[in-house]
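Colleague: The chain contents come next:
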Amino acid sequence: MNYSQIWESFCFALRYVPTTLILLFVPLAFCIIFGVIIAVIRLWKVPVISKILQVLLTIFKGIPIYLLLVAANLLYVLYFDKFAAWLGISARVANSNIIHLAIFLITICFLPGISEIIRGGLLSVNKGQYEAGAAAGLTKLQTLRRIIFPQVIPEIIPSLSGTMMSMLKASALAYCLGVTDILNASIRVATKSYDFLEGYIAAALIYWGLSIIIEGVMSLVNRKVSRYQKKLTA
Amino acid sequence: MSEYFSFERVIEYFPKLITSFPTTLIIVVAALAVGIVLGIILAFIRIHKIPVLYQLSCVYVSFIRGTPQIIQLFLVYYGMPLLFMNLFGIDLNRVDALLFVIVAYGLNESAFLSEIFRGGLSAIPSGQYEAGYACGLTKIQTFRRVVIPQAARIVLPSVEVGIVLLFQNTSMAASIGVRDLMGRASLMGAFTKHYTENYFCTAVVFIVVSILLELLFNLLNKKLQYVKK
Amino acid sequence: MIDVKNVKKSFGSNHVLKGVDIHVEQGDVVAILGPSGSGKTTFLRCLNFLERADEGTLEIGDTRVNLHSASSKEILAVRRRTAFVFQNYNLFANMTALKNVMEPLVTAHKVPKEEARQRALEALAGVGLADRADYYPAQLSGGQQQRVSIARAMAVKPDVILFDEPTSALDPELIGDVLKVMKDLAKAGVTMIVVTHEMSFARDVANHVIFMDGGVIVEQGTPKDVFYNTKEERTRQFLARINREVEYNI
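Residue numbers (this note's numbering), protein chains in the order written: chain A, 1 to 234; chain B, 235 to 463; chain C, 464 to 713.
Bound conformation, chain A alone (with noise of 0.2 Å):
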């Protein structure tokens, strides 16, 4: 075992700690913001669409991240410039950058689990605090706003932070689209010596590095906010 390899790769890859944040973070955000709409269409029977979101979403369930990578991958390389052709656009592989595919492509596979943990915490709040807001002369979305989303933010938490450790550990699947992230570059740099495990060994710890802060961080937050769903010890 190459130990001072490991060192190599491990500070080289550091560096690239910030592409790996983007890639959990904005597909992150995305994920959120599409998921709280497809959840709030589906809890109100939006006729039609939530219908239409459901299929979507148990296909999208089905499709394994790595298959979407790869074949996303390899389409975009043969077609795009074809298809930018077509569409009379300039852009070509060689110049697009790549990471914004790994974005759409994890948000893409995230947004089914998290639009399903934000129903869930939707449903888990109980149907007197709609009423309760109704009753008080608030809109349907003051109501959301207001009373409903501060409740549903605790109760989802602990499966957002568990989400959240999934699509960092998937965000490293983004080097089959050639992306550098902290995998892609750990692994550059032992190649030069044939030194693969090394390599790996190096990102796996600042990979588990990450997981710990995140879980860590996230569970304060948690306490922060579900303040309230404490009783008072007598």
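Note that these hints are calculated values from the structure, not bench results.
Just so it is clear, CB atoms sit at the ideal spot from N, CA and C, and this is done for glycine as well.
Okay, derived cross-link-like pairs now, DSSO-like style, lysine-lysine, Cα gap no bigger than 27 Å in a straight line:
| hint | chain 1 | residue 1 | chain 2 | residue 2 |
| --- | --- | --- | --- | --- |
| 1 | C | Lys471 | A | Lys140 |
| 2 | A | Lys127 | C | Lys573 |
| 3 | A | Lys127 | C | Lys471 |
| 4 | B | Lys456 | A | Lys127 |
| 5 | A | Lys61 | B | Lys250 |
| 6 | A | Lys140 | C | Lys620 |
| 7 | A | Lys45 | B | Lys456 |
| 8 | A | Lys140 | C | Lys573 |
Residues of chain B clear of chain A, computed beta-carbon distances all greater than 10 Å:
| hint | residue |
| --- | --- |
| 9 | Val263 |
| 10 | Ala267 |
| 11 | Gln375 |
| 12 | Val393 |
| 13 | Asn455 |
With chain A fixed as given, assemble chains B and C onto it according to the hints.
Modeller: Positioned in the frame of chain A, the structure of chains B and C alone reads:
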């Protein structure tokens, strides 16, 4: 359009692809078996807080939960032959890559299942044990007849998620050259130059099996429901 | 001041309300009695559009709306002139007692924050809970939660407060405090419509008592009329059974 995608080719490729489905299934079943056995042992260690082993198991579970599965796969793929060579003098370089996949996924599954089992068991109030003992049941009887049935119902949804994920993650095995569904699709894509149809078929299989698994677990869940509303 | 006409409501083939009219004057305290399943709670919920009636009109002050086909704007207008007290309190779980009382003032009635705080504190003092302003609902007893919810209702100075069995979910020893608060409100001239099982409240506080059964009003009048000069057999039976239960409880 048919240059990029044609249903004739989908129909042509599908039977060839599906022959590799058993490989995918083997990974799921074998990894699950390894995961359940190891998971129960780990859960036991963590519930009873057996010194040293407890601390080790905590680090182990944290590591598995905190690192990408693709990295775990490569760690096993590159690390296990090295380990066996140095420790036992056994050469694993000629072994089928499938073995490494099963080991890596089994280890991964064990960490997740141990968490799930531990959560399920600790959700059963101690009164249930006491009631069992008070009725004259032995420890094992109480565990088997009172605790397990209640815990099973609690852990079922998490186990379902775990199995569906395990099934979907088998696709990564292709990255070390295993010819499961995904690996086969890549190969045939490269061979026929028609990637779209091959990946389309693979996606359909994954989607259908995921839905079937969900239905199966819904059925199981109904079976285990002892409180009828 | 409040005129409700011909309220009908079915759930599937179950006709819960078969045409109910009531008339309420400013300062009235109306008690609605009746066995469970008589439709009294559904009737109250229809007035605030928590259930959508199949038919009926509501006139409150100068506002007149159809209980079946009101637009969401009209619904909001009615809800902002009324207040509702729920059987299970339904305090906003994510807000302190004070914030709960302020919420309808600030968000629905656009009262400036500082003024809303003052009015909310007064309302909480009115129900004897000034010292619990910063407690979350989960930290309060059922009786305290219900009093906060009454404070939330009266703070907006509504034309009428609708009470849906406000004491039914409470432990017996906590009922007294809530009833006392309601009695104070009645004395202060607040208009109230109260669905209740509390005979003493109906008899001693209300000035108009309505007995409902099977989706219609069977009998109504002053407490004296309904309790002591009962005309209808169904009312007599109901009162006799209730009285037996009361004796049994003692």
